[in-house]
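Chains as they are written, first to last, in my numbering: chain A, 73 to 433; chain B, 73 to 433.
To be clear, the hints were calculated from the coordinates, so they are not data collected in a lab. This structure is a prediction, so every number in the text was calculated from the model and none was measured. Take these hints with a grain of salt, some might be off.
Computed cross-link-like contacts, DSBU-like style, restricted to lysine-lysine with a CA-CA straight-line distance of at most 35 Å [unchecked claim]:
no.	chain 1	residue 1	chain 2	residue 2
1	A	295	A	230
2	B	376	A	376
3	B	119	A	230
4	B	154	A	119
5	B	230	A	330
6	A	111	B	111
7	B	154	B	376
8	B	295	A	119
9	A	119	B	119
10	B	376	A	295
11	A	230	B	295
12	A	119	B	230
13	B	111	B	373
14	B	154	A	230
Protein chains: 2
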Amino acid sequence: MAMQPASPRESVARPPVEYNLALIGFGNVGLGLAEILSKKASLLREKFAADIRIVAICDLAKGSIADPVGFDPRVLLDHLEKKGDLKEFPASDKGWDAIETIENSSANVLVELSFTDLETGEPALSYMIRALELGMHVSTTNKGPAALHFPELLELSKTHGGAIGVEGTVMSGTPTLALGMNMLSAAGVTRIQGILNGTTNYILGQMENGVDYADALQDAQAKGYAEADPSGDVDGFDAAAKVVILANLAMGQNMTMKDVYRIGISGLTVAQIQSARLANQRWKLIATLENVNGRIQGSVKPVKLDASHPLYGIGGAANGVTYSTDLLGDITLIGPGAGRIETGYAIIGDILSFQRCSRHE
Amino acid sequence: MAMQPASPRESVARPPVEYNLALIGFGNVGLGLAEILSKKASLLREKFAADIRIVAICDLAKGSIADPVGFDPRVLLDHLEKKGDLKEFPASDKGWDAIETIENSSANVLVELSFTDLETGEPALSYMIRALELGMHVSTTNKGPAALHFPELLELSKTHGGAIGVEGTVMSGTPTLALGMNMLSAAGVTRIQGILNGTTNYILGQMENGVDYADALQDAQAKGYAEADPSGDVDGFDAAAKVVILANLAMGQNMTMKDVYRIGISGLTVAQIQSARLANQRWKLIATLENVNGRIQGSVKPVKLDASHPLYGIGGAANGVTYSTDLLGDITLIGPGAGRIETGYAIIGDILSFQRCSRHE
């Protein structure tokens with residue numbers, strides 16, 4: 073071989089594709105995304121031919137700014153730290169609401185990061201529909217629209233030519249959906265089991281150490297894992313939404329939240345948990361999709377796992393999922409389930425998936 | 073939303089892309105691939121728009137056949153079972169050697185499954201070069217060319233327009249390289265640790281149960297895990313080749329086999345292994361790529377893992393890999409490391425990656 077070796081990572085020659093982002097919502101995930109871009113924008117351009125910039129932000133509390141030139145994410149973050157909001161931030165346009173931002177900014181990607189509503193999916197759903205109708209790509213970490221209306225959103229994206237990515241709705245930036253939808257779907261996914269809620273996994277871990285439920289919950293709230301109203305986590309709603317997303321995206325179902333059998337962790341006692349521990353077993357809040365009498369059924373409930381179970385060792389706020397497949401048997405993926413940077417990375421993953429045509433590009 | 077929900081998995085409308093395969097080598101992996109195609113060819117066509125058929129086979133022992141119409145994989149397998157070889161199998165062309173098969177058959181994909189040579193990569197390397205020069209795609213499970221010459225092969229593929237996939241060289245069909253190269257590469261892979269050889273993991277598990285090294289090895293040979301000459305497994309050569317592949321593909325290095333520090337498992341005693349077990353630790357043959365004084369160094373050696381390590385629980389012949397990343401922390405993937413169907417699936421995964429342009433197609 074006379075040819076010079078070339079690193080596969082340095083040989084992208086195509087001109088970069090521009091991804092101009094409009095962020096609706098600028099909370100933790102948006103801040104994480106801006107931080108990633110402040111450090112990795114040039115790497116993303118050089119290595120992945122993706123020129124990603126923020127051209128609009130619309131946040132109910134922090135204000136709304138837009139500029140076709142794009143914002144320097146480092147300057148944005150510094151300004152926010154000093155001023156607390158973006159109202160004085162220099163921009164060509166200001167004060168647009170979400171729909172105006174989608175329609176009037178120069179963005180070709182909607183990054184939907186507004187609050188999650190698991191009953192209607194709104195207002196995120198309307199934002200996503202509008203962006204898709206305009207032919208924009210959409211990336212979201214919002215479980216509402218993904219759990220409630222994914223098939224319709226996908227259909228819209230196909231009609232108008234945009235793409236839609238929802239990687240961050242399950243296990244933050246851990247590429248759980250990419251694994252299940254792309255890489256394993258030809259292997260025939262027959263069952264999915266997961267620890268999909270880090271807050272409850274953290275609480276159960278504390279209870280293994282003898283801390284009672286109320287104190288463990290308070291501790292999780294102090295650490296920022298659990299909300300002031302913890303019901304979404306401890307009663308299993310958050311995990312149930314992820315079950316619906318996995319069912320519909322990785323198993324081709326048309327499941328809704330109502331279809332998921334759901335029991336939270338509040339009925340578990342320290343005594344139960346510790347006696348399981350003595351028998352080398354662990355109680356975990358397990359999300360399951362499995363074939364019961366010919367139908368895929370979804371559930372979220374506490375399950376006592378043996379030490380040989382692939383999800384047994386997942387501690388703290390980590391998450392994990394086991395895909396059981398026809399051709400490959402069990403494939404388990406373990407990674408972070410939350411976090412500012414970790415969830416911000418899911419948006420990057422979605423964008424790179426929009427343009428990836430082969431594994432070596 | 074008035075729109076009818078549509079399953080994301082049933083909405084592919086594009087005409088299927090034809091992948092006409094020439095298999096060089098028709099041993100276990102080739103048989104696994106034929107078996108998968110016998111069951112899943114129509115699903116692959118309908119769901120993934122990939123029309124995959126075998127149009128040529130060249131095997132030193134079983135004979136060489138080619139036909140532009142393609143062979144029914146079920147008929148191929150039944151014939152082989154009855155006759156033991158393909159010499160009487162009806163085909164338009166027969167008796168071609170490997171290069172003739174590549175040059176003269178109607179294949180647009182070389183599936184390189186000949187034997188592995190970790191010193192020269194031959195003869196597979198020459199077959200792959202010829203196919204790439206002709207603009208064909210190449211998919212292989214052969215560690216030789218992947219470990220020794222990947223950058224040159226990638227360069228050739230780019231020059232002539234084919235694609236190259238080597239998913240099956242590490243952890244069989246478990247999408248280890250796709251994870252590291254595509255989905256995590258923007259997250260900044262800083263360290264990789266893995267249990268990449270199932271034979272040694274099986275032997276170490278038996279030794280935990282008190283079986284001594286020689287008996288455990290014999291058992292692994294009886295079960296078909298270990299070769300008659302077990303050195304490739306137990307001395308760590310197989311794992312070292314995978315270290316080189318991971319280094320070059322997932323970390324952008326230019327590593328060679330000689331760069332890998334390598335100690336096998338034959339020095340471990342049952343006493344050592346069992347005393348670790350009593351302390352809730354396990355000896356595993358761990359492949360590592362990590363930054364040592366500013367350089368990525370590769371090693372394969374026995375390591376005593378604590379129970380909190382993500383690879384601690386991997387038992388039997390399973391494999392696992394932990395990617396440590398800048399942005400996501402640790403991501404662990406666990407799945408089969410070998411097997412006829414499991415490795416055959418890696419070829420399917422490569423082919424689907426050749427045409428995948430977005431996660432929802």
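Evaluation of the provided hints:
1. A:295 x A:230: 41 Å, violated
2. B:376 x A:376: Judged against 35 Å, a Cα distance of about 28 Å means the pair holds.
3. B:119 x A:230: 16 Å, holds
4. B:154 x A:119: This hinted pair is violated, its Cα atoms lying about 52 Å apart.
5. B:230 x A:330: Violated: residue 230 of chain B and residue 330 of chain A sit about 50 Å apart, past 35 Å.
6. A:111 x B:111: 47 Å, violated
7. B:154 x B:376: Not satisfied, since the Cα-Cα distance of roughly 48 Å exceeds 35 Å.
8. B:295 x A:119: It is violated: about 44 Å lies between the C-alpha atoms, which goes past 35 Å.
9. A:119 x B:119: Since the Cα atoms of residue 119 of chain A and residue 119 of chain B sit roughly 31 Å apart, the hinted pair holds (cutoff 35 Å).
10. B:376 x A:295: 32 Å, holds
11. A:230 x B:295: 49 Å, violated
12. A:119 x B:230: It holds: about 16 Å lies between the C-alpha atoms, which stays within 35 Å.
13. B:111 x B:373: This hinted pair is violated, its Cα atoms lying about 40 Å apart.
14. B:154 x A:230: Not OK: residue 154 of chain B and residue 230 of chain A at ~48 Å, beyond 35 Å, violated.
Violated hints, in rising order: 1, 4, 5, 6, 7, 8, 11, 13, 14; the structure is consistent with all others.
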